[in-house]
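Novice: In case you want the letters, here they are:
Number of protein chains: 2
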Amino acid sequence: MIFTLRRLPGSDDVRVALPLVRRTRDPHEGQWALPGGWLDVSESLVAAASRTLSETTGLAPSYLEQLYAFGAVDRSPTRVVSIVYWALLRADDVSTELDSADQRENVQWFDAATLPRLAFDHNEIVDYALWRLRNKVGYSRIAHGLLADEFTLAELREVYEAILGRRLDPANFRRQVENSGTLIPTDRFRTGSHRPARLYRYNQDVELADRGPLGDRD
Amino acid sequence: MIFTLRRLPGSDDVRVALPLVRRTRDPHEGQWALPGGWLDVSESLVAAASRTLSETTGLAPSYLEQLYAFGAVDRSPTRVVSIVYWALLRADDVSTELDSADQRENVQWFDAATLPRLAFDHNEIVDYALWRLRNKVGYSRIAHGLLADEFTLAELREVYEAILGRRLDPANFRRQVENSGTLIPTDRFRTGSHRPARLYRYNQDVELADRGPLGDRD
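Note that the protein sequences, when read in sequence, are chains A and B.
The first sequence: position 171 = 171 (full-length UniProt numbering), numbered continuously.
The second sequence: position 3 = 3 (full-length UniProt numbering), numbered continuously.
Calculated directly from the structure, the hints in this document are not laboratory data.
Misleading hints may appear alongside valid ones.
[What the hints assert, rightly or not] Taking CB as the label site, the calculated pair distances span:
(1) B/Arg198 - A/Arg195: 15 to 23 angstroms
(2) A/Ser11 - B/Arg198: 49 to 57 angstroms
(3) B/Gly181 - A/Arg174: 39 to 47 angstroms
(4) A/Phe189 - B/Ala47: 55 to 63 angstroms
(5) B/His194 - A/Asp149: 48 to 56 angstroms
(6) B/Glu29 - A/Asp149: 48 to 56 angstroms
[As the list claims (entries may be wrong)] Take a look, some chain B residues computed to stay more than 12 angstroms from chain A by CB distance:
(7) Val81
(8) Thr152
(9) Glu155
(10) Gln176
(11) Pro196
[What the hints assert, rightly or not] Here are some chain A residues the structure puts well away from chain B; computed CB gaps all over 10 angstroms:
(12) Glu43
(13) Gln66
(14) Ala69
(15) Gly71
(16) Ala72
(17) Arg79
(18) Ile83
(19) Gln108
(20) Leu156
(21) Thr182
(22) Ala197
C-beta atoms are modelled at their ideal positions from N, C-alpha and C, and glycine is treated no differently.
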């Protein structure tokens with residue numbers, strides 16, 4: 001599962017979006033589903049997740065994290081345990097890779113808040129991932145995965161607003177992140193149609209809830 | 001994997017402890033390992049975890065949570081993916097169930113901080129679980145799983161100290177938990193050899209990082 005943020009056309013609203021694949025065979029032929037595939041005997045879980053993602057969507061995120069293993073007996077006509085991985089992609093990575101993904105038939109990006117009925121238990125899986133995302137944004141630097149290395153406070157707030165699904169007060173938000181010690185102000189500014197806004201980056205020295213001793217293992 | 005807290009004999013120290021099973025066949029015959037077993041085609045993941053736990057240790061925790069799926073290619077002579085569940089047991093639950101568990105040959109409780117070299121990658125799995133436990137204690141009511149329904153602030157602090165592996169200042173700790181809004185003082189007191197200490201319970205109305213929309217599914 002890949003999440004990114006997309007600005008709705010003709011709007012200031014930024015939303016969480018994800019790519020889905022239209023199933024070309026039964027069960028659930030014609031329905032949209034999360035990209036996935038089988039584990040080869042000689043590949044690790046994360047390697048299989050990367051491979052099937054790249055084969056089905058053309059996307060290759062630099063970092064996938066294990067989300068959850070779904071194994072209810074009735075989730076598929078035959079017994080299938082799905083070990084789901086997820087990634088956050090920065091909007092600029094997506095836009096460069098989107099051309100190739102969009103060229104693939106049967107792959108399409110959806111607004112996570114207004115999904116159709118998906119194949120299997122995939123709506124439940126997306127709901128669980130969105131819940132984890134909302135929780136996680138509070139205690140880790142997960143928002144970083146959706147931003148460029150340097151960003152303005154307004155851009156960071158937009159990420160939080162998209163994930164939490166509600167507006168945040170700009171002054172309160174600024175105070176909270178400035179007090180958290182997780183951001184480092186740079187000497188650079190974003191200029192454009194608005195007045196210049198200072199760029200920040202994440203302080204990598206602050207220990208937050210990351211993957212811990214697992215590192216790159218799976 | 002089951003964690004509980006145990007007071008070291010002849011000491012005031014409380015430590016995180018877990019039950020291990022001595023392997024009676026190859027690979028790794030004679031080494032200690034986490035309890036586990038195979039998934040039947042007609043049982044859910046959590047049902048299989050409960051069943052194998054009960055068969056091997058005699059313990060039946062009321063609540064198991066999925067920890068992580070371990071699937072490195074070389075973690076076993078044949079390809080094995082282990083979907084690990086964990087539970088926290090209150091010390092009083094353990095002491096009643098311990099007799100039956102201790103009667104089983106080849107089952108023994110270990111101090112999590114001083115484990116021997118375990119079979120397979122089970123040391124890594126325990127290390128990962130301990131890391132998750134340390135992280136989680138900060139942002140959820142996970143400590144609750146190790147306590148009776150009502151507890152003193154000193155008992156709660158002991159849980160945090162055991163998980164974090166360091167002493168906490170009693171006055172600071174009291175201030176932090178009182179400010180958190182997660183505890184409700186009762187009208188009851190623990191009496192005994194010390195001066196009476198007020199009993200608290202967790203405020204179930206505070207929404208913290210629990211399992212979310214998954215509920216009891218797996």
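Novice: Now look at each hint and say whether the structure bears it out.
Specialist: Consistency of the hints with the structure:
1. For arginine 198 of chain B and arginine 195 of chain A, the Cβ-Cβ distance of about 54 angstroms falls outside the hinted range of 15 to 23 angstroms, so the restraint is violated.
2. About 53 angstroms separates the C-beta atoms of serine 11 of chain A and arginine 198 of chain B, a value consistent with the hinted range of 49 to 57 angstroms.
3. Restraint check, glycine 181 of chain B to arginine 174 of chain A: a C-beta distance of roughly 24 angstroms breaks the suggested window 39 to 47 angstroms.
4. Between phenylalanine 189 of chain A and alanine 47 of chain B the beta carbons are some 57 angstroms apart, a value that agrees with the proposed interval 55 to 63 angstroms.
5. With their beta carbons about 54 angstroms apart, histidine 194 of chain B and aspartate 149 of chain A fall inside the hinted range of 48 to 56 angstroms.
6. Remark: the range hint 48 to 56 angstroms for glutamate 29 of chain B to aspartate 149 of chain A is upheld by a beta-carbon distance near 51 angstroms.
7. Residue-level check failed: valine 81 of chain B sits 7 angstroms from the nearest beta carbon of chain A, not beyond 12 angstroms.
8. Here threonine 152 of chain B stays apart from chain A, with its beta-carbon at least about 27 angstroms from theirs, past the 12 angstroms limit.
9. Every C-beta of chain A lies more than 12 angstroms from that of glutamate 155 of chain B, the closest at about 25 angstroms, which supports listing it as non-interface.
10. For glutamine 176 of chain B, the condition that its CB be more than 12 angstroms from all CB atoms of chain A holds, with the nearest at approximately 16 angstroms.
11. For proline 196 of chain B, the requirement that its beta carbon stay farther than 12 angstroms from each beta carbon of chain A is met, with the minimum near 36 angstroms.
12. Not every C-beta of chain B lies more than 10 angstroms from that of glutamate 43 of chain A, the closest at about 7 angstroms, which undercuts listing it as non-interface.
13. At roughly 6 angstroms from the closest C-beta of chain B, the C-beta of glutamine 66 of chain A falls inside 10 angstroms, breaking its exclusion from the interface.
14. Against the 10 angstroms criterion, alanine 69 of chain A falls within the reach of chain B, whose nearest CB is about 5 angstroms from its own CB.
15. For glycine 71 of chain A, the condition that its CB be more than 10 angstroms from all CB atoms of chain B is violated, with the nearest at approximately 4 angstroms.
16. Distance check for alanine 72 of chain A against chain B: the nearest CB is about 6 angstroms away, which does not clear 10 angstroms, and the non-interface claim fails.
17. For arginine 79 of chain A, the non-interface assignment is contradicted: its Cβ lies about 5 angstroms from the closest Cβ of chain B, within the 10 angstroms cut-off.
18. The beta carbon of isoleucine 83 of chain A sits about 5 angstroms from the closest Cβ of chain B, which is not more than 10 angstroms, so the claim that it is off the interface is violated.
19. A cut-off of 10 angstroms between C-beta atoms confirms that glutamine 108 of chain A is not in contact with chain B; the least separation is 24 angstroms.
20. In this structure leucine 156 of chain A is separated from chain B by more than 10 angstroms, as the shortest Cβ-Cβ distance comes to about 20 angstroms.
21. Annotated as non-interface, threonine 182 of chain A keeps its C-beta farther than 10 angstroms from every C-beta of chain B; the closest such distance is 15 angstroms.
22. Distance check for alanine 197 of chain A against chain B: the nearest CB is about 31 angstroms away, which clears 10 angstroms, and the non-interface claim stands.
Violation of the numbered hints given earlier is confined to hints 1, 3, 7, 12, 13, 14, 15, 16, 17 and 18; the remaining hints are satisfied by the structure.
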